[in-house]
Each structure stands twice: as C-alpha cells, then as structure tokens.
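Engineer: Here are the chains, one letter per residue:
2 protein chains.
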Amino acid sequence: MKPTIKIISTLILFASLTASASDETSDDKPAATSPDNSHGIAYPSGWQNWSTIAVSHRTDNNTIRTILGNDIAVKAARAGKTNPWPDGAILGKVVWKDTELKDWKAATAPGKFVHAEFMFKDSKKYADTYNWGWARWVGLEQKPFQKGMQICTSCHTPVKNRDWVFTDPALLPHVSY
Amino acid sequence: MKPTIKIISTLILFASLTASASDETSDDKPAATSPDNSHGIAYPSGWQNWSTIAVSHRTDNNTIRTILGNDIAVKAARAGKTNPWPDGAILGKVVWKDTELKDWKAATAPGKFVHAEFMFKDSKKYADTYNWGWARWVGLEQKPFQKGMQICTSCHTPVKNRDWVFTDPALLPHVSY
Numbered sequence: 001m002k003p004t005i006k007i008i009s010t011l012i013l014f015a016s017l018t019a020s021a022s023d024e025t026s027d028d029k030p031a032a033t034s035p036d037n038s039h040g041i042a043y044p045s046g047w048q049n050w051s052t053i054a055v056s057h058r059t060d061n062n063t064i065r066t067i068l069g070n071d072i073a074v075k076a077a078r079a080g081k082t083n084p085w086p087d088g089a090i091l092g093k094v095v096w097k098d099t100e101l102k103d104w105k106a107a108t109a110p111g112k113f114v115h116a117e118f119m120f121k122d123s124k125k126y127a128d129t130y131n132w133g134w135a136r137w138v139g140l141e142q143k144p145f146q147k148g149m150q151i152c153t154s155c156h157t158p159v160k161n162r163d164w165v166f167t168d169p170a171l172l173p174h175v176s177y
Numbered sequence: 001m002k003p004t005i006k007i008i009s010t011l012i013l014f015a016s017l018t019a020s021a022s023d024e025t026s027d028d029k030p031a032a033t034s035p036d037n038s039h040g041i042a043y044p045s046g047w048q049n050w051s052t053i054a055v056s057h058r059t060d061n062n063t064i065r066t067i068l069g070n071d072i073a074v075k076a077a078r079a080g081k082t083n084p085w086p087d088g089a090i091l092g093k094v095v096w097k098d099t100e101l102k103d104w105k106a107a108t109a110p111g112k113f114v115h116a117e118f119m120f121k122d123s124k125k126y127a128d129t130y131n132w133g134w135a136r137w138v139g140l141e142q143k144p145f146q147k148g149m150q151i152c153t154s155c156h157t158p159v160k161n162r163d164w165v166f167t168d169p170a171l172l173p174h175v176s177y
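So the sequence lines, in the order shown, correspond to chains G and Z.
No gaps in the numbering here: position 71 of the first sequence is 71 in this note's numbering, and each next residue is one more.
No gaps in the numbering here: position 14 of the second sequence is 14 in this note's numbering, and each next residue is one more.
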C-alpha cells in the first residue's frame, strides 16, 4: 500500500470511528432527536435549563413541581406583567411523584418523573383555545400527550380570569445580576 | 451655531439622556450593587437564573424550596457525578414559607421569601469546612448571614457521607437541547 493511500485509509477509519462514537446514546447524553409534537405543538427543546418562576406541592395527588419559563415568560413574571402574559411566553410545569428525602424525613422530594406540560402563549395562533397552546410530554421517554387541549383547559377554567394560569410567580430578591 | 458643533451638542445631550435612563432603579430592575459577603464569601450574582437540580417541601418548618446550581453543578448533577461534587460547583437553596394556592386549595405554593443559601465547592479554599464554603443571604433585602459556617455544617452532618449534600438531583428526561 502506498503511503498516501495508507494515510487516507487511516483518516477514513478514524472518521468513521468518531462518527460511530458520537452516534451512541448513553444515559449521560441527550437523545439525537426531539419527541414528536403534542397537539401539533413542537417540543420546547432545552426547557431543562429554563429559569424558575415558582414551585408547588399538591397533596391531592402527591406530586411536587417546579414551574419554569422561557426568557419571555421569566421576564414577564419578574416584572409582574402576567395578566395577560405576553405573546411568545412559554410556561413549563415539571411534575414528579412525591418521595421522602432519605436523610430528612420531614422533607418531600422529587421521586418518579411524571411529565412536563407546557402552555405556549400566542393570541393569534391559539385564539380558539384562550390564546394558549396546551401540550404535555409524559414520562422520561417524553411520549406526546394527544388526548386534546380541552383536557387541559377544562382543568384550568377556575383561573380563566388570570389568563388561564394557576401560578403566582414566587417572590425573588432584585439584586444585581 | 456651526453645524458641526450642533451635531456634537446633540450627541452629548443624547448620551447624557441615555446614561440617565440606564442609571434609574425601579422594581423591575436589579439593584446596582451586590449584597455584602456572608462568612467572607462573595454574593453569587445571577443565581435567580440558574437551572433546577431539585425541589423540596419541608413539613417540619412549613417551607417550600427549589435547589438550583451554577453550570458546573448542573452538569455534575445531570451526569450523576455528585459524590464528590466537582470543585467550582455552587448549589443554591431558595426557601419560601408555605402558602395555599388560591385557586387550588390542595396545592402549597411559595409565600414569603425566607432566604437563599449556598454551598461553594472548593477543596483547597474550604478544606477546613469539609471542602465547601457555606453562605446565606436572608430576606428580599439579602442581608448576609454571619453566625458562622458551623451553624450550616452541624445541620448537614447526617449527610457527611454524601459530600455533605442532602439533595438528590431530580430525574429529568434526556432529550436533545
């Protein structure tokens, strides 16, 4: 084998090994593709890194939650401009079953991951569903919920005068960022 | 006035108006300066925008919490590399008194803001306090806590074999970011 051909072969082998390694999925790495749409709404990639708007604990179904927002939502929440929320805001509610914190028995902590559900504010696109798009992805596999937005809106009807949102943004100190 | 001088005057006026506007402090804006150090540790500016590691609810003192982390801590939490946590990790626990969610009585939500407390991992700088710096800022005014790190470490002693950390990172779906 000529030296030039040998170098090229080595490069091709190295490239294919690298490609193979980067295609692998492990527990430490995100999957290569997003979950399918829920109610026709695309998956809001990156929500795991969004900032906090509030937290809550429900004793009627033993779940503990954090309520996150995209940049538009967080800015609106911290400025108190939430009735109505601005177009472009996305609110995410991340839900876990309760568990007892092993080393502090009087503390409830996140156990099994239940689902992540989202409200997408767009007063034109979602005019027929109270100006919000409603979506949910279930389980760690993030299977899209497809049972209809009315499942979401019927539960949220008690807060129709609060732009359909239960959450009050939690108080946070205003200090230099 | 010559045209050139007029243009320069207009620019100076515009610049001073802009500067004046950006100097203003309102409820929507962070304060201009950081709070004083706690136990000699500088305030971790920007924690309000950190990502979530877990949440918890304590029924012994009726508080609800979110546990946030800086980038190093969040990366370690999501990779399961938390015993020990890496140097540079900062964990923040944000604590509110319980309140009942107005429109869903079985839900506990954040009421009065209590404090934000932090653990700063640095195995050299804080070798004398189990490799962590311990700090707390109290109330919305973020008054630095100065009663001594031993107040923090004595409470955390039950988890000394877990690198002094109570929190288990909450399960989150691994999907594309």
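It should be emphasised that the hints constitute simulated quantities derived from the structure, not laboratory data.
Any given hint might turn out to be false.
Residues on chain Z that point at chain G, a partial pick, calculated with CB under 7 Å [as the list claims (entries may be wrong)]: (1) 57; (2) 151; (3) 153; (4) 172.
In this text, a Cβ means the ideal position worked out from N, Cα and C, and glycines have one as well.
Engineer: With reference to the structure, classify each hint as holding or not holding.
Structural biologist: Hint by hint, here is what the structure shows:
Hint on residue 57 of chain Z holds. Least Cβ distance to chain G is approximately 4 Å, under the 7 Å limit. Annotation: interface hint on residue 151 of chain Z violated; nearest CB of chain G at approximately 16 Å, more than 7 Å. At about 14 Å, the closest approach between the beta carbon of residue 153 of chain Z and any beta carbon in chain G exceeds 7 Å, and the interface hint on this residue is violated. For residue 172 of chain Z, the interface hint holds, since its Cβ comes within 7 Å of a Cβ in chain G; the closest pair sits about 5 Å apart.
Taken one by one, the earlier hints fail for this structure at numbers 2 and 3, listed in ascending order.
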